[in-house]
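Start from the sequences, fold in the hints, and give me the full structure.
Okay, here's what each chain looks like letter by letter:
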Amino acid sequence: MTAKRALGVCYYPEHWPQSRWPEDARMMRQAGIRFVRIGEFAWSMLEPEPGQYDLDWLQQIIDILHGEGLEIVLGTPTATPPKWLVDRMPDMLPVGEDGQPRGFGSRRHYCFSHQAYRAECARIVTVLAKKFGAHPAVTAWQTDNEYGCHDTVLSYSGAALLGFREWLAQKYQSPQALNRAWGNRFWSMEYRSFDEIELPNATVTEANPAHRLDFQRYSSDQVVAFNRLQVDIIRKHAPGRTILHNFMGSFTAFDHFAVSKDLDAASWDSYPIGFLDRDVTDPERRHRYLRVGDPDMQAFHHDLYRSCGRGRWWVMEQQPGPVNWAPHNPSPLPGAQRLWAWEAFACGAETVSYFRWRQAPFGQEQMHEALLLPDGSINEAYETVRTLNEELSGIDDSAGSSRATVALAFDYESAWAWSIQPQGQSFSYLGLAKIYYRALRALGVTVDIVPADPEHVKGYALVLVPGLFEMTEDFCRALGQDGQVVLAGPRTGSRTGDFAIPQTLPPGPALQQRLDIKVRRVDTIPPPEFEPVGDAASGFFFSTWREFLSAGDDVVVTERTADGAIAFCHNQAGNWNYLAGQPNAAYALKTIERLCDRAGVPTTHLHQDIRIHDNGPLRYIFNHGPEPVDIAQLVAGKDVLMGSAILSPCGVAICRQQ
Amino acid sequence: MTAKRALGVCYYPEHWPQSRWPEDARMMRQAGIRFVRIGEFAWSMLEPEPGQYDLDWLQQIIDILHGEGLEIVLGTPTATPPKWLVDRMPDMLPVGEDGQPRGFGSRRHYCFSHQAYRAECARIVTVLAKKFGAHPAVTAWQTDNEYGCHDTVLSYSGAALLGFREWLAQKYQSPQALNRAWGNRFWSMEYRSFDEIELPNATVTEANPAHRLDFQRYSSDQVVAFNRLQVDIIRKHAPGRTILHNFMGSFTAFDHFAVSKDLDAASWDSYPIGFLDRDVTDPERRHRYLRVGDPDMQAFHHDLYRSCGRGRWWVMEQQPGPVNWAPHNPSPLPGAQRLWAWEAFACGAETVSYFRWRQAPFGQEQMHEALLLPDGSINEAYETVRTLNEELSGIDDSAGSSRATVALAFDYESAWAWSIQPQGQSFSYLGLAKIYYRALRALGVTVDIVPADPEHVKGYALVLVPGLFEMTEDFCRALGQDGQVVLAGPRTGSRTGDFAIPQTLPPGPALQQRLDIKVRRVDTIPPPEFEPVGDAASGFFFSTWREFLSAGDDVVVTERTADGAIAFCHNQAGNWNYLAGQPNAAYALKTIERLCDRAGVPTTHLHQDIRIHDNGPLRYIFNHGPEPVDIAQLVAGKDVLMGSAILSPCGVAICRQQ
Amino acid sequence: MTAKRALGVCYYPEHWPQSRWPEDARMMRQAGIRFVRIGEFAWSMLEPEPGQYDLDWLQQIIDILHGEGLEIVLGTPTATPPKWLVDRMPDMLPVGEDGQPRGFGSRRHYCFSHQAYRAECARIVTVLAKKFGAHPAVTAWQTDNEYGCHDTVLSYSGAALLGFREWLAQKYQSPQALNRAWGNRFWSMEYRSFDEIELPNATVTEANPAHRLDFQRYSSDQVVAFNRLQVDIIRKHAPGRTILHNFMGSFTAFDHFAVSKDLDAASWDSYPIGFLDRDVTDPERRHRYLRVGDPDMQAFHHDLYRSCGRGRWWVMEQQPGPVNWAPHNPSPLPGAQRLWAWEAFACGAETVSYFRWRQAPFGQEQMHEALLLPDGSINEAYETVRTLNEELSGIDDSAGSSRATVALAFDYESAWAWSIQPQGQSFSYLGLAKIYYRALRALGVTVDIVPADPEHVKGYALVLVPGLFEMTEDFCRALGQDGQVVLAGPRTGSRTGDFAIPQTLPPGPALQQRLDIKVRRVDTIPPPEFEPVGDAASGFFFSTWREFLSAGDDVVVTERTADGAIAFCHNQAGNWNYLAGQPNAAYALKTIERLCDRAGVPTTHLHQDIRIHDNGPLRYIFNHGPEPVDIAQLVAGKDVLMGSAILSPCGVAICRQQ
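Just so you know, the protein sequences line up as chains A, B and C, in that order. Its first residue numbered 1, the first sequence is counted upward by one per residue in this note's numbering. Its first residue numbered 1001, the second sequence is counted upward by one per residue in this note's numbering. Its first residue numbered 2001, the third sequence is counted upward by one per residue in this note's numbering.
Derived from the structure by calculation, the hints contain no laboratory data. Just so you know, these numbers come straight off a predicted model, no measurement behind them. Take the hints with a grain of salt, since some may be wrong.
Claimed, not checked - Computed spacing ranges between beta-carbons, pair by pair:
id: 1; chain 1: B; residue 1: 1387; chain 2: C; residue 2: 2454; range: 45 to 55 Å
id: 2; chain 1: A; residue 1: 196; chain 2: B; residue 2: 1158; range: 46 to 56 Å
id: 3; chain 1: A; residue 1: 196; chain 2: C; residue 2: 2431; range: 35 to 45 Å
id: 4; chain 1: B; residue 1: 1378; chain 2: C; residue 2: 2573; range: 54 to 64 Å
C-beta atoms are modelled at their ideal positions from N, C-alpha and C, and glycine is treated no differently.
Right, here's the structure in full:
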């Protein structure tokens, strides 16, 4: 399916006088906006008293927008149940790890496990879907808003406890089986019945990791079920419409692949500058990209959510200017918003939608910029949208993404597992995945981020599988097909699904059958400690995490650490490779470059600020830095559609492969 | 009214054998002490069993002190209700933000909203006021002790919830009006009745800032009402006595101007070294002033509380040596205590009273030094008092302060608002106010710190209004009179009283009528990032907070930032000025100096350790540094009453303007 | 009593199939292991249903081990009560300082004060003791496991509240006496009955230090009583067996001397690398000893627990490789495990026992290394044990330690007191004791760490008494005998047993009778501030804590600080010495060296990585550093039994004094 690339905006008509609505709609059309997301967060206005609905205003704004030729993304309002509903069943509130309920007064004040709240959600969604499902302008729906935001996936409520016990009973069938799977003989943690099991908070010291992982799995399943309930209702009453949910950045608390399976397309909320101040700690990087965001952070999520949406994905909320929620909130460099949008489209986005239309003068987000100022006049990002709209029509504007030749396997369970058991507190699964991803990007390689299952890794020339919790035989068999090159490690295959060390030691029997190694020891070292790889002058090293391997005779050891341990090795054929530690940027680059060579994937060493995305015949080139950069070599012999050989700060170039 | 400058001390006779009391009283008199504060914290000794009073010991010590010619400041004991009272009504305990009661076992274990506890306070204060109100030696009263200490202004109790709902009902009259004022359409936070409203703690993410601000206003009002109840009783039974409360440093959780309106004089507890270790983070400043305290911190509070007391104010607790409550507790440099006392008198203090008479060998404050050692012998600060007493008699010893020509408007609501919504976590209203205050001090300018209301800003040559939450028409009209020079910004006038962005954008219509600017964007940047102002060599910059303004044609732009935004601008007449960011010290100095010039206020660049306070005909000069400083220029042509042209470390010079 | 030096291991047969047990036992014997600890944590397998015991498997493994000639240390399983027991009496759970119960799901989920849980412990211990008390292979018992781990000594439960009130009633007999002792007139904290007293958590600000200290004393007493209950039962049914408990490192929350009085021998769990990452903050030290542990940390505890065990002590758990519980968990340098074991034996350990036999593939400690890998094959530490076993037989292998000539008095109450009242947040009693200990070690002096009571300090040439809370006349009298040299201060004798400042000021009358000084002032300064001692070039200084003394005429002042205060002084005879601040390493060395000279204790300046322990005729020399060190001078003229004059990294040398 090929969609047109489109621009969108998030709109809260209920915040503004009805008299303004026609003008807003006209201005949207004039800017070239196609999609307008409305409705989420509006429950108290849609149902001001229990059972008394007021849908007229919504009908009215939909009609006004429709009148300007705009399409509507209708959001379900379930992220903000009204106070009267909470007062009717206060036990619907989520409960924190400290055992205290998290109350009304902001948003997301519900526990995913609460069945009666789910019924209330089904009720309001049904009302909306019946009313607007067939409206010609309502071409897309968004379920809820940012599942899990404000740390709401895990809730330690009574509802969660009951649900978890039932879930465990279904999974294990007997307490004895559960005891065996979790290893509950350890510390006398054995249970005689499922009703004895508690949630894994409030323990004296850490709970059993298997207990915690199952609770995370259970909790993720509740998000899936919560979402599916809404999807099913919408699909029934609004057939043929695109159903989306807006995911977040750097967020792994539930399985986004699993939730996405029920959606037609994925979307995410992209705030490059907010994420930088919140997530990036390296001082140089923070300084250099203060006003444009980390050069790899957005693309990482674009590539991830493209995979979640099976090729169909949006940016549902794009940062328009300074926001309100990061520790500090700088304004973007001139051109940064344009760069972000083009990067999303390069990665195959169908729609880039801005949050939000007009800055709210009240409420929690009054410092969040928008396309319009609070006084209703035009702000910088409105102009950006207008420019983008013009540029889009000048370039082939079909969305969708061609398949890359390199895949990075990403796995939510692994993120949970290593967050439960970091072993070295500076270890992070997401951090490890990003080290590999950054190295690929620095080499100019376009990458697909895929779930770690057999069906999604086939056909790539190179597949990277860092830190994957469990390596099953099925998965290895899929990886091994057609001689594709695989990079595993560190930590890959080091547990069974029950969170136990494999009987044959890590990386487990399936991988060991292909590459004859055993991880005998793990060594985590506190920053700034590191272990050099090869000779000291190389500049290569491991930090945070490294392993000591024993290897069979037919294993080829390419590098060793200064203390003589295996750093990198592969099988005779060279297609099964293992990296025995967390590499620094230089060593990650060297390792990935070598494997790309072996897999026949072309690489090029990019300037630190330059990033490339190849999509079908088009090559997109981005300059995230504050200075112009000469990219003549990257566009040499190609047909330059946009930009020039000296790429300005925040510049975007597009060329066609010949 | 002109009072004599006096020395005082805080005394706990109940901690010592009665046999010692006469000697203590004699030693006080010999040191030249006039006021002795007693009684606060003594409830369990005044009423050992419910309703059974024991006032004899208090009568006795009052008589003994009276016999030595000393005057008594009688404290009400309401900061330490006895255990039997708490056990009778455990719901009088304050409740923390985490929802847990804060129990008995230290002090301030009461919730300001608890009506039955207020009644108990009225009862014990009535008993004391009736008994001692007419005693000739009891010439002053202190209500309670350090309202709000240990974070006790905000209490999330059931009593507070009921009180808050009633307060809201009185303010808004209908839930619909409240919903409109707070913008509760945002996130479906609408209420159908006042009984649905909760306290703003325990929300999933941040509560509505309007909700939080109203709770802070409500809580401040409870402190006012709590204090007024006691004042009314004391005034009835002890007419003509001076009624005080002892406020704290760097504390803004309630409106001190409002509480002070019911008092005859303000007082505060000044611990220069304790504040330095607790509040000052700049490493150089911490090192340089380790044993003398920040050179501007004490004066800031002197100037603030002089205003609270409408010219009448005391230091109720002056640091006598190392204390016990800061992270570390260094001892003062020789001479530091003398410097502190003289600085207070320079700023118009009626009394400087030391905490405490004799170091307690038991209890929570046993490491807090005093005039006497725990063994009853004389400690260093006793000698300081004796010296001060002699020096005071050599200098014109009338208290009171002449009016300054420059005013800094200080507003507690603004402190609450920006603490609720910092936008950049390094932003602090108090910090911003101190940047301006420091610049004035570094220029040798004496300043009044005044409430931001029309009646208090009139008549000054220059008024600084940084970060004022709301700019009303009334206030602007008062500021504009007589051509006084006004400096606003950053953040000034950026909200309505309902915590909403003004419809015409910040700084709001009233200010915009005088200076035609709009704040279109706010940019907060994480330290150590900064934005240069003017050319790079200037050394001027903004950090933490800056704004992007649009300005009308008749606005004069004096400086721009490196990226071209307006840094400083004013109207054609030059009396309305706006600074569009948080300046570093150098740029603050330059800005203030320019405005002083325009306003006809003389300035001089002082040595970093030297500070001046002009009070009527007298100029006081202080050296806060560890080396002697040549101040010849500052005293040239003046009549030097104390000190010399080479001012020693911790030295004080006084000269008479001719 | 002289025992053979032995090796041991901690074994969890219940984690492995019975079919493996014989092989494990054989492998243990082959490695030269003598003691096998089993059974602790196995309650749910010993009593799977209430009152239904399953001891057969335990009998079986004991017999198998016995069959290989191994001896058993049988652990009582009371650190891990099963879920069914907790569900029967949920109020047995410990309660955190925040008032929340700490639940089931890990270990140590019991409150020491809970009488019904104590009865349950008595029941299960009786069952085990009756069954296995007479078994010839069960030659030792361990009570519970790591009392207090995970911060479980202080529990704020209902049981603790009742117990504490009764304990106070017994101690003080009347509330009035308690009020006087605690100084409760301060802040009206007076109680009318013991039933009014609360636990000292949840107060608005800090509770009375006397209140907190008594609660710590009470809580420590509960640990003693809890342990004694088990010891009495075991001793009755298993006479003649060695009863031990395994203490921890850097842990002072209960009085280990008091608990040890009921034991036959002390033991502790030694994790040199885990402690380094958890406890050591100096970056250079962290880097240099990353993979071997702090050179003084292990010996400090060896010396401490040797004293607890009255000469008889074990290492019950010795680190075998990387562990799982420190922030990061590096692997040891080759040879580090051997060094650790020899250091323990040098200090007189009877047994060094490894934790654990085989790495668990499941549960909370799956990343904790062991002698065997999870797959049952041999790991590095197994080889270390084998090597050690061979080496042991080559050297005189009798355990026990000769008495040192220098003693460092260590006192748990002082640790509690100064943790309650640090006065400067960087002050730590344990830290101060270690400064003195390190200086002794750097001078090559072997030291006994002894309780601060009269009977244990007699007969030493030099006794160091830093920071001792209370100096009684009895203790001073014992110290003064035979002209031994005593070093007191800083903070020594600064409180009475009631946590009050002595009437004659610190260091209190008993010490003042010997050395005529008074501490008039305490000065705590935040790092990196310091106060030089003597002239600036000396490199000597005080940091964190210093005191201002007044001294009688016959006091000899040796050094003064830069600001003229007494730094070090002594009486005319030179046997009573006082250091008036916390010295840096250089000044500590100088001070201790001077006192050793005076006491006739020989010293030598050691290389930073080298440490010595003299034990009877043998001198042990250890190299904790990463480079070889020339130790020729240390072994000159001695009979070298092991090692050589160039001591390799992690090297151990043993020589015999001639």
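Each hint tested on the structure:
1. B/1387 x C/2454: 45 to 55 Å: holds (47 Å)
2. A/196 x B/1158: 46 to 56 Å: violated (35 Å)
3. A/196 x C/2431: 35 to 45 Å: holds (44 Å)
4. B/1378 x C/2573: 54 to 64 Å: violated (31 Å)
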